[in-house]
Amino acid sequence: VVGDNNFDVVVTAENGKTSVYKVVVKRSEFNLLNDLDGLLKLDGANEIRLGNDDKLDKNIINKIIDSKKKVILNKYDDKDIKLYSWILDGSVINGVDEFNPIIPSVIDDNEKVEEDFNYADGIYLDLRKCGVIPKGIILKYNVSNKYKDNDSVILYSYNDKNGKIKELNKDV
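If you read the sequence shown in the numbering used here, its first letter stands for residue 2, the second for the next number, and so on.
Each hint should be verified, as a subset may be incorrect.
Here are the simulated DMTMM-like pairs of lysine to aspartate or glutamate, each with C-alpha atoms no more than 20 Å apart in a straight line [stated by the list, open to error]:
{"#": "1", "residue 1": "K71", "residue 2": "D98"}
{"#": "2", "residue 1": "K130", "residue 2": "D44"}
{"#": "3", "residue 1": "K141", "residue 2": "D152"}
{"#": "4", "residue 1": "K42", "residue 2": "D90"}
{"#": "5", "residue 1": "K64", "residue 2": "E99"}
{"#": "6", "residue 1": "K64", "residue 2": "D44"}
{"#": "7", "residue 1": "K141", "residue 2": "D67"}
{"#": "8", "residue 1": "K64", "residue 2": "D98"}
In case anyone wonders, no lab produced these hints; they're calculated from the structure.
Given only the sequences and the hints, what does the whole structure look like? Please build it.
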């Protein structure tokens with residue numbers, strides 16, 4: 002289990018006396034960003050499980066670019082359901098020194114956005130904290146808990162600086 006794991010170790014001496022020692026083993030979330038070099042040596046698409054604080058700095062981005070490989074960054078919830086994936090194509094990415102792939106689960110000013118979208122039932126993603134999203138990155142967001150197969154979805158972009166809504170794709 003990720004986090005603290007508590008164990009009792011019972012030691013029995015030769016004279017029969019027992020002592021109980023409490024051991025806590027802290028397990029970190031599985032994350033391969035720390036071993037990107039080894040991962041990029043593998044064939045095919047390389048999938049990485051994102052932790053809660055993972056960021057891609059210039060060094061990591063350059064390794065992906067130099068490899069010219071696709072790297073998939075997957076974010077899961079507490080029940081191990083994939084929330085979203087960023088697909089980075091090392092042969093296309095450029096123009097950024099840092100990227101934060103963690104999408105906050107709640108928009109800070111959700112009421113304002115809902116009002117601007119006329120309270121439409123939808124999913125609101127706040128990508129501002131991701132910073133500049135490099136060219137050559139695809140975001141796949143799991144909407145299976147909200148929409149069914151063959152549902153029609155319209156994608157919009159909201160510019161919080163000028164308050165304008167722009168339709169990106171219709172009937173995706």
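Exercise. Sort out whether D98 lies within 20 Å of K64, counting only the CA atoms.
Key: With Cα atoms ~12 Å apart, K64 and D98 stay inside 20 Å; holds.
Quiz prompt | Straight-line alpha-carbon gap K141 to D152, limit 20 Å | solution = holds (17 Å)
Self-check item: Pair hint outcome, K71 versus D98 [Cα-Cα no greater than 20 Å]
Solution: Cα-Cα ~18 Å, so holds.
Quiz item: Holds or violated: are the alpha carbons of K42 and D90 at most 20 Å from each other?
Solution: holds (15 Å)
Exercise. Mind checking the alpha carbons of K141 and D67 for me, to see if they're no more than 20 Å apart?
Key: violated (24 Å)
Quiz item: Between K64 and D44, is the straight-line Cα distance small enough, at 20 Å or below?
Solution: Holds, at about 15 Å.
Quiz item: Does K64 pair with E99 here, judged by a C-alpha cut-off of 20 Å?
Solution: holds (13 Å)
Practice problem: Take a quick look at whether K130 and D44 sit within 20 Å of each other, Cα to Cα. | Solution: Roughly 32 Å between the alpha carbons, so the hint for K130 and D44 is violated.
Consistency note: the structure conflicts with the earlier hints numbered 2, 7.
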